[in-house]
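So the sequence lines, in the order shown, correspond to chains A and B.
Quick note on numbering: this note's numbering labels position 93 of the first sequence as 93, and the sequence is numbered without any gaps.
Quick note on numbering: this note's numbering labels position 388 of the second sequence as 388, and the sequence is numbered without any gaps.
Source of the hints: derived by calculation from the structure; they are not laboratory data.
Possibly wrong hints are sitting among the right ones.
Now the stretches of chain B that chain A is said to cover, found in silico as 3 or more residues with beta-carbon under 8 Å [claimed, not checked]:
id : segment
1  : 169 to 178
2  : 269 to 281
3  : 352 to 365
With a cut-off of at most 27 Å between alpha-carbon atoms, the simulated BS3-like pairs for lysine-lysine come out as follows [what the hints assert, rightly or not]:
id : chain 1 : residue 1 : chain 2 : residue 2
4  : A       : Lys114    : A       : Lys91
5  : B       : Lys4      : A       : Lys168
6  : A       : Lys33     : B       : Lys246
7  : A       : Lys33     : B       : Lys4
8  : A       : Lys150    : B       : Lys4
9  : B       : Lys157    : B       : Lys230
10 : A       : Lys164    : B       : Lys4
Every residue, glycine too, gets a C-beta built ideally from N, C-alpha and C.
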Amino acid sequence: MSQVIEVRWHGRGGQGAKTGSAILAEVLFEAGKHTQSFPEYGAERQGAPMKAFNRVGDEPIRDRSGVLTPDVVVLIDPTLIDAVKPTVGGKDSTVYLINSPDSPANLKKKLGLKDSVKVMTVDATKITLEEFGQNRPNTPILGALAHFFKDVPLEAFIDHFTHKMGGKLPEKVLKANQESIRRGYEEVQQG
Amino acid sequence: MSRKDITSGNWAVAEAMRQINPDVVAAYPITPSTDIPMRFSEFVADGLVDTNLVTVESEHSAISACLAASVSGARVMTASSANGVALMHEIFPIAASYRAPIVFGLVNRSLGAPINIHCDHSDSMAERDSGWIHIYCEDGQEVYDTMIMGVRIAEHKDVLLPVFVCQDGFITSHCFEPVEFMEDDEVQAFIGERDPLFPLLDIDNPVAYGSLALTDYYFEIKRQQVEAMKHVERVYKEVAQEFAKKTGRDYPVVDTYRTDDADHIIVIMSSAAGAAKDTVDSLRERGHKVGCMRIRLFRPFPAAAIVDALKDARSIAVLDRAASLGAPAPLFTEIKGALYDAGIHIPTNTYVYGLGGRDFFPHNAEEAFMDLINNKMSPEERYLGLRE
């Protein structure tokens with residue numbers, strides 16, 4: 001078995017964690033990877049904590065069980081730090097990516113993580129409020145994830161959006177999405 | 001030519017339906033198969049298919065409309081899950097007895113109560129004696145391919161039986177993963193036109209459906225259904241072979257994974273086979289000779305192929321995603337019966353797992369394998385991933 005990277009997304013119903021996970025699968029698939037994206041459904045309601053998962057590898061992926069020991073944990077909503085246990089199953093090598101204006105050092109403390117664990121933060125809410133006037137944090141998060149999937153260039157994330165949504169979205173909205181992805185990549189704080 | 005894209009199990013069914021372009025679809029949406037009629041209705045609204053989509057008020061009406069259209073000579077498809085399937089139950093044996101080749105996307109979900117939207121096989125297992133062909137799929141690719149092959153198998157003159165194409169609710173139906181699609185004209189060329197045998201609407205050759213047969217003929221008609229089922233495996237193999245030649249994707253009636261020299265074999269169905277196969281690889285690396293057999297064709301039950309794959313094993317674990325309350329689990333019973341008939345006695349454990357969508361992890365498969373390896377054998381039902 002080749003190395004499979006596992007991602008766990010934490011969000012609230014309606015915030016786009018499921019879509020973010022699906023888009024990540026599409027981008028990495030287009031870059032030649034084998035990918036899986038699936039949500040964990042509970043009672044489906046807006047605002048309730050939910051999870052979504054990705055598996056990414058160089059060979060076909062057979063295991064369809066939930067991700068227990070994620071390599072990447074994404075928190076779409078900063079209030080989930082207290083509401084769910086985002087560190088469950090985390091390894092020393094697990095990377096956390098959090099939508100927050102706070103610094104990685106502060107969040108590391110808040111999550112009770114060792115100093116050596118890598119935490120990235122990006123103020124995705126602020127970026128999308130500026131770019132679209134709406135809180136749609138998953139585009140800057142996708143941009144920030146490009147730092148983790150280093151063998152896939154940032155342009156692949158941006159281009160995916162263009163050819164998937166080009167013609168379907170007004171030019172202005174398309175541009176705002178592209179800009180949000182780019183800013184997510186550029187404005188991420190790593191610690 | 002083909003194209004590969006990221007899609008879900010439900011969307012794969014809907015895409016196959018678009019390419020098949022059936023004459024009639026009658027459906028009543030229910031979680032987790034809702035996406036199938038939802039997406040298909042978009043194809044209808046966009047004029048991408050010629051299908052007469054009948055939006056009915058219940059699953060009972062959906063399958064009734066499907067049956068009427070099918071015996072009229074139309075090519076008919078639908079989808080459902082769980083309690084929707086249960087509500088259709090009355091009509092299923094009628095559809096089989098009328099020899100109506102309906103192709104049905106069944107997205108497995110547990111039967112209430114308690115209310116649960118997640119996967120187990122209690123809905124389709126409850127229909128195992130309805131006279132339908134049952135095919136269980138591991139992933140989205142297999143679901144897509146089986147919908148297309150299903151048309152040919154169901155409509156074959158030696159078969160003429162309806163078919164359930166089963167996939168695991170949410171696990172497969174809502175998982176986005178790469179699926180390779182055929183071109184529209186390739187699908188059309190593969191399935192051809194339906195050539196119905198005794199269509200109700202052929203007014204030059206009038207026939208009756210729904211007639212009464214009491215002690216005089218009922219038994220003979222059931223015997224004919226038994227005979228039709230006997231043809232399924234041969235027709236299945238012909239269709240699968242032709243499909244493999246076109247696409248390179250081969251679907252034997254049972255999917256064997258590293259069973260050739262295996263001492264210990266897990267028998268399983270549908271999506272959980274993936275975790276079991278990964279576990280086979282990790283245990284093989286640790287020196288254990290283990291394998292996995294996935295039952296794809298469940299009705300008719302391919303006993304010969306199963307016995308052939310299991311006959312040299314030292315012990316077997318049968319994993320059922322459905323319980324038969326008060327009796328051994330359904331797949332376990334069938335496997336034991338097949339081995340008994342072949343005069344083979346291999347110690348076999350029975351496990352129930354994953355009811356109500358309880359996740360099935362590689363460590364659950366490992367637990368069952370370790371029982372076999374450590375010779376912890378008994379006929380008593382065991383449970384994987386259960387709190388007791």
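### Structure versus earlier hints, numbers of those that do not hold, lowest first
When the structure is compared with the hints, none of them turns out to be violated.
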